[in-house]
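Fit chain Z to the supplied structure of chain S, relying on the hints for placement.
Number of protein chains: 2
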Amino acid sequence: MSLISPIPVRLKEARTRKELTQQQLGELLGLEPNNASARMNQYERGKHTPDFDTLKRLADILEVPVAYFYCEDKLEAAIVEAVHRLGPEQKLALLAFIETLKS
Amino acid sequence: MSLISPIPVRLKEARTRKELTQQQLGELLGLEPNNASARMNQYERGKHTPDFDTLKRLADILEVPVAYFYCEDKLEAAIVEAVHRLGPEQKLALLAFIETLKS
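So the sequences go chain by chain: S and Z. Heads up, the working numbering is the position in the first sequence plus 11, with the first residue counted as 1. Heads up, the working numbering is the position in the second sequence plus 11, with the first residue counted as 1.
With the rest of the complex left out, here is chain S (with noise of 0.2 angstroms):
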């Protein structure tokens, strides 16, 4: 059994949407400019998975807790970018409201 990882498509969702190229995100992260594109490639195409090193500062850079890069679900992934950004109180006016949802 060999299940497939989110990250693939949620790391080339979150840099397009940040309007970087896998050079430019690469280069970000420190790896070596000739080198870059490739790298960025093959975490892209699920070749190789990053590290959780890695992993926190792909999310760093683009703005979203690694968590988002594990979301199965679209508008999971969605919801848990949007809440990244919330501060602790709205995180618990929102859980008071996912209550009122589930009743």
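The hints are simulated quantities; they were obtained by calculation from the structure and are not laboratory data. None of these values were measured; they are calculated from a predicted model. Certain hints may be false.
No copy labels: a pair is met if it fits in one copy or bridges any two.
[As the list claims (entries may be wrong)] Using 27 angstroms as the maximum straight-line C-alpha spacing, the simulated DSSO-like pairs for lysine-lysine come out as follows:
(1) Lys85 x Lys113
(2) Lys58 x Lys113
(3) Lys58 x Lys29
(4) Lys102 x Lys85
(5) Lys102 x Lys67
Relative to chain S, chain Z alone:
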């Protein structure tokens, strides 16, 4: 630089909420009984990191999305867990609600 993955904390949180022991969860995962508890303990201490397939199966057993294990913020984790139980229409309603919070 080595950043700390939230997997150990979230895994223990989701397991204890289900009132499962490390031994029980390991066996549900399909580990050998004489190895189950030790391996789950390694995951919860961050000694080993489960691969994506294993995380996906743990997520299914514990009824959380895989993204839950990567939430660094406790409130975001609670939101991700709650959102996962909503249907598509409820998720859309939630996204609209978040927009009102941000303004």
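Here is how each hint holds up against the structure:
Proximity of lysine 85 and lysine 113 under a CA criterion of 27 angstroms is satisfied in both settings, with 20 angstroms inside one chain copy and 20 angstroms between copies. In this homomeric assembly, lysine 58 and lysine 113 never come within 27 angstroms of each other (Cα to Cα): the closest approach is 39 angstroms inside a single copy and 37 angstroms across copies. For a Cα distance limit of 27 angstroms, the shortest separation of lysine 58 from lysine 29 inside one copy, 23 angstroms, qualifies, whereas the shortest one across copies, 35 angstroms, does not. Taking the closest pair of Cα atoms, lysine 102 and lysine 85 come within 27 angstroms of each other both inside a single copy (20 angstroms) and across two copies (10 angstroms).
In the homo-oligomer, the alpha carbons of lysine 102 and lysine 67 lie at most 27 angstroms apart both inside one protomer (21 angstroms) and across protomers (26 angstroms), since each shortest distance falls under that limit.
The structure shown violates just one earlier hint, number 2.
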